[in-house]
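*Asks:* Construct the entire structure; sequences and hints are all you get.
There are 2 protein chains.
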Amino acid sequence: MPLLFRLFTEIGIVSQLSGAMLEARLPEGMTGAQFGVLNHLVRVGDGGTPLDIARAFQVAKTTMSHTLSGLVKQGLVEMRPNPDDGRSKCVWLTQTGRQRREVAIGMVAQGYSKLAGQLSTTKVAMLADELGALRVVLDANRVPFKE
Amino acid sequence: MPLLFRLFTEIGIVSQLSGAMLEARLPEGMTGAQFGVLNHLVRVGDGGTPLDIARAFQVAKTTMSHTLSGLVKQGLVEMRPNPDDGRSKCVWLTQTGRQRREVAIGMVAQGYSKLAGQLSTTKVAMLADELGALRVVLDANRVPFKE
DNA sequence: ACTATATAGTTCGATATCGCATTACTTGCA
DNA sequence: TGCAAGTAATGCGATATCGAACTATATAGT
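If you read the protein sequences in the order shown, they are chains A and B.
Under the working numbering, the first residue of the first sequence is numbered 439, with each subsequent residue one higher.
Under the working numbering, the first residue of the second sequence is numbered 439, with each subsequent residue one higher.
By construction, these hints were calculated from the structure, which means they are not laboratory data.
Which copy is meant is left open, because identical chains are indistinguishable; a pair holds if it fits in one copy or across any two.
Calculated pairs, SDA-like style, for lysine to any residue (alpha carbon to alpha carbon, straight line, at most 20 Å):
#1 Lys499 to Asp577
#2 Lys552 to Val581
#3 Lys561 to Ala571
#4 Lys552 to Ala571
*Replies:* So this is what it looks like as structure tokens:
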């Protein structure tokens with residue numbers, strides 16, 4: 439059984455557990471996918487197209503369409519026509535969206551604070567760095583997405 | 439933005455990418471969930487109840503019911519009555535199930551072999567160990583599952 | 001300029017997962 | 001023993017995600 443297999447199994451389990459922990463702390467009505475998109479928009483800046491965001495998350499554009507429609511319905515993002523391309527749209531955070539994200543971050547961080555005491559800060563930082571490097575390699579070997 | 443947040447974000451992305459890579463290599467008709475269950479049964483032994491397996495994967499028991507029914511339909515596992523509890527069942531791998539798993543492992547490993555050359559073996563092993571330790575901590579702080 | 005091809009977003013049908021309710025059986029307590 | 005409460009599996013409706021098809025617009029080749 440190859441070593442990489444063990445690594446990816448562990449990663450899948452940790453992702454499952456941390457994701458469940460995350461979703462349990464999110465405000466009512468906010469899904470993990472929506473929270474991820476809000477963070478993405480803050481981190482890399484808003485104004486991009488839905489397709490850009492779908493690619494960033496390696497998820498089908500129809501899925502992103504669905505996630506964004508939920509955010510629009512809650513008034514957390516706005517869809518504006520793309521001035522450079524009539525087929526396209528641009529996704530902008532609303533003030534409400536930024537605020538709701540801050541609240542969500544706070545609630546999630548509160549849940550994480552219990553963990554923080556049980557983990558070595560330096561190890562966590564090291565893991566994040568090494569996983570970032572691994573992500574770059576995986577990203578370069580992406581499965582061609584069907585669209 | 440807390441450090442743990444960054445770690446779990448990286449883990450989520452890597453899980454997403456490696457999961458997509460995995461599913462792309464699985465034999466036709468086998469889902470990632472089904473593959474996970476087959477591996478689990480080989481790793482920890484078969485004969486357990488559906489609920490045991492659902493807990494191990496931290497998924498709802500209805501989800502495991504669905505996954506198992508797919509495996510039964512393909513003849514990869516068998517459901518027998520639990521001799522110790524009339525409400526319950528036991529899940530057993532079939533010979534076909536073991537064979538199909540071997541085939542799947544081979545196909546997945548073939549996909550991983552491309553990655554192996556781009557990654558340090560010692561780092562991969564270290565990551566797997568550290569993530570295993572992290573998993574233990576997360577496991578001890580599990581979100582109480584609603585059932 | 002016109003037409004063929006490509007691309008952005010959405011709609012639709014299928015599957016995976018979840019929560020709730022149901023059924024069947026077990027356990028605990030009087 | 002008999003009944004109440006608990007537990008295992010499943011059925012059903014809702015949501016997330018995906019692929020295929022569709023519409024509208026853009027781009028490229030002639």
